[in-house]
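Engineer: Based on the provided sequences and hints, a complete structural model is requested.
So the protein sequences, as listed, match chains A and B. According to the numbering used here, the first sequence holds residues 7 to 204 in order. According to the numbering used here, the second sequence holds residues 7 to 204 in order.
It is possible that some hints are incorrect.
Identical copies go unnamed one by one, so any copy, or any two together, can satisfy a pair.
Okay, derived cross-link-like pairs now, DSSO-like style, lysine-lysine, Cα gap no bigger than 30 Å in a straight line [stated by the list, open to error]:
#1 K72 x K55
#2 K97 x K9
#3 K97 x K190
#4 K72 x K97
#5 K39 x K55
Calculated directly from the structure, the hints in this document are not laboratory data. Owing to the predicted nature of the structure, the values given are computational and were not obtained by experimental measurement.
Protein chains: 2
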Amino acid sequence: MAKSSHREKILSVGMEVVHRHGFAGASVRDIVKAAGVPQGSFTNHFVSKEAFGLEVIDLYYANALKTMAETLRNEELPPLQRLRAYIDRTKERLIRNEMRNGCLFGNFAAEASEVSEPIRQRLVEVFDEVQAAVAHCLRAAVKAGEVSPSLDCDETAAFIVSSLQGANLMTKTLRSTVPVERFKEILFSSILRHTGSA
Amino acid sequence: MAKSSHREKILSVGMEVVHRHGFAGASVRDIVKAAGVPQGSFTNHFVSKEAFGLEVIDLYYANALKTMAETLRNEELPPLQRLRAYIDRTKERLIRNEMRNGCLFGNFAAEASEVSEPIRQRLVEVFDEVQAAVAHCLRAAVKAGEVSPSLDCDETAAFIVSSLQGANLMTKTLRSTVPVERFKEILFSSILRHTGSA
Numbered sequence: 007m008a009k010s011s012h013r014e015k016i017l018s019v020g021m022e023v024v025h026r027h028g029f030a031g032a033s034v035r036d037i038v039k040a041a042g043v044p045q046g047s048f049t050n051h052f053v054s055k056e057a058f059g060l061e062v063i064d065l066y067y068a069n070a071l072k073t074m075a076e077t078l079r080n081e082e083l084p085p086l087q088r089l090r091a092y093i094d095r096t097k098e099r100l101i102r103n104e105m106r107n108g109c110l111f112g113n114f115a116a117e118a119s120e121v122s123e124p125i126r127q128r129l130v131e132v133f134d135e136v137q138a139a140v141a142h143c144l145r146a147a148v149k150a151g152e153v154s155p156s157l158d159c160d161e162t163a164a165f166i167v168s169s170l171q172g173a174n175l176m177t178k179t180l181r182s183t184v185p186v187e188r189f190k191e192i193l194f195s196s197i198l199r200h201t202g203s204a
Numbered sequence: 007m008a009k010s011s012h013r014e015k016i017l018s019v020g021m022e023v024v025h026r027h028g029f030a031g032a033s034v035r036d037i038v039k040a041a042g043v044p045q046g047s048f049t050n051h052f053v054s055k056e057a058f059g060l061e062v063i064d065l066y067y068a069n070a071l072k073t074m075a076e077t078l079r080n081e082e083l084p085p086l087q088r089l090r091a092y093i094d095r096t097k098e099r100l101i102r103n104e105m106r107n108g109c110l111f112g113n114f115a116a117e118a119s120e121v122s123e124p125i126r127q128r129l130v131e132v133f134d135e136v137q138a139a140v141a142h143c144l145r146a147a148v149k150a151g152e153v154s155p156s157l158d159c160d161e162t163a164a165f166i167v168s169s170l171q172g173a174n175l176m177t178k179t180l181r182s183t184v185p186v187e188r189f190k191e192i193l194f195s196s197i198l199r200h201t202g203s204a
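Structural biologist: Dropping the structure here:
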């Protein structure tokens, strides 16, 4: 019988295994072993490794949504402070994994977007939604007079999502949070610097 | 007997297979099959898959060095034009692979830097050398009066290498070169904009 507790265990522990070792690098055997469930449980709950991968992305995305609600979409904070908090949360997440794992979305993008079209499409949706939250925050910053009204919020948001992915990747490679700190510094001192009257 | 022609074939064809399918995703069987050599050839020439991976990185890096010599370190071009040419070459490379493969260094960083310490260290060296070439180009731009003398060339170079990795990754995910074009536009219109007298 398929135990639903096994399903949750495979997903939550499996997400960590995939985050650390990569999607191709984490075998089904590794995942069930780490979750402490019988090997057959995996096939009881997931029709394929790709189906499991899609659910791992959704589980990680649920955490990302929570972070975005508390930062980028948190109307109680001044807009640019929300963006700073979002980048700081990214950094804290990297530190929690000893700067070894990077961003799960970025890792999937690097290794699985060519192999699985459903995974690639899901990642496109995820990045679009993160970008929309950043753009929402930037529009609030324009409205509050924190950045120049001439800022192209959508283009800048897409640039932020992309560059932050690069900083995640470099953090993982260098085992140092300097790339994220540098990104934040250059973003606020140059790209978002308000040269207007405010 | 170990044929040296097999070695070269395994490396050059294997680099393409790894670039497309990832390091973990490309099995030794896939590699020798694509190279059209006997399975035993691989173990004749490479003590491990990790040793093969390190040589793949070196082969790709030889191409990168050539590109850097023709662009970032090409003293015959005005400095910022060298940087533009370097980014354009990145874009051309992505288009050649139908925007499916991204940067081989970035892919290795995402999936293998946690698994193999020698691979991670080699990537750190590679990124350092690319960053040094970008910084060299930026210092020439300062000297030529193309950018502000207050520009921190080393920090900006590190930011460019990191953000370009992100743009490579997004290009691969979206199957569009827009992320690289957007990065170039924001880099030149904002971060490198000369607000001084020149």
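Engineer: Which of the numbered hints above does this structure break?
Structural biologist: Number 2 - this is the single hint that the structure violates.
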